[in-house]
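Visitor: Sequence:
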Amino acid sequence: MTIRLAGILAGIGITAVLVLWSLVPGVINLVTGPPAEKPAYYVFKEDPVAPEGGFSFAGAAGKWDYAQLQRGYAVYKQVCSACHGLKYVAFRNLAELGYSEDQVRAEAATWNVPGIDPATGEQIMRPAEPTDYFPNPYPNNVAAAAANNNAIPPDLSLITKARADGSNYVYSLLNGYVDPDPEKLAAAQENGFETPMGLYFNPWFSNVNLAMPPQLYEGSITYDDGTEATVPQMSADIAAFLTWTAEPSLIKRKQTGWFVIAFLLFATGLAYLSYKQVWAGKKPKKK
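So the mapping is simple: the numbering used here equals the position in the sequence shown, first residue as 1, plus 146.
There could be a bad hint or two in this list.
Listed below are the simulated DSS-like cross-link pairs for lysine-lysine, each with C-alpha atoms no more than 27 Å apart in a straight line [said to hold, decoys possible]:
{"#": "1", "residue 1": "Lys307", "residue 2": "Lys398"}
{"#": "2", "residue 1": "Lys191", "residue 2": "Lys330"}
{"#": "3", "residue 1": "Lys209", "residue 2": "Lys398"}
{"#": "4", "residue 1": "Lys209", "residue 2": "Lys307"}
Hints are computed from structural coordinates only; laboratory data are not their basis.
From just these sequences and the hints, can you work out the full model?
Guide: So, in structure tokens, the structure goes:
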């Protein structure tokens, strides 16, 4: 009886804490006044969208499209690497995209990384090896800011995990340099909105004014597999590649999940049958 009463009291206590946790913020907001007005740029905000047909890795049964990942790497190398690094990705990791060992070694050698001259001990730039990591294009944040209108380009290794709906966000952002709606622009300008000199309007960015200019143009790169390099195509390819850099084990994790679910279903069935077997000979007491 004492244990049962203690359990009831504990349940009531936990419920009371959860209720208060939910109500107190609302009460505080009600007491302190109306919510702050949304900034003028909020009228332009857009939610990330997926490319037509979606990504191959999306969903519970998703898979990597290795041809797309290789195209995405080409976009990164020819466009994004001028400003953004991949400090958590080593050249040897490219083998996971379908490149052979010789191809990885040859590809790594096309990049230069900081090294030490064995003869003089001075710092030099040397061809990268598969064990090296992708270099940062700038020596430090001060140099990065000076070259980019005081905006420091983020490292892209984990960008799709650092942003909500990351894969679709990257696709939308790179594919989303558009002119603002004239009606919305007129209304927003009355409230002080403007796109300052040196910034670019993009409704998928956090405050819609972005320091990075448009990077992708029709045919700006050439794909080895002959795929037409349209802006939506390049945006989808680099988004897929950056999803892989952030979560290289994504597909293995999904596949493991199916085995775990199957095991749990089997274990549940086995436990139920064991329960029936153990209690099969026991007759319920008559009331």
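Visitor: Decide, hint by hint, whether the structure agrees.
Guide: A quick look at each hint next to the structure:
1. For the suggested pair Lys307 and Lys398, the alpha carbons sit about 17 Å apart, so the restraint of at most 27 Å is met.
2. In summary, the hint linking Lys191 to Lys330 is supported, as the alpha carbons are separated by about 11 Å, within the 27 Å threshold.
3. This hinted pair checks out: Lys209 and Lys398 have alpha carbons roughly 9 Å apart, not beyond 27 Å.
4. Taken as a hint, the Lys209 and Lys307 pair is honoured in the structure, with Cα atoms around 18 Å apart against an allowance of 27 Å.
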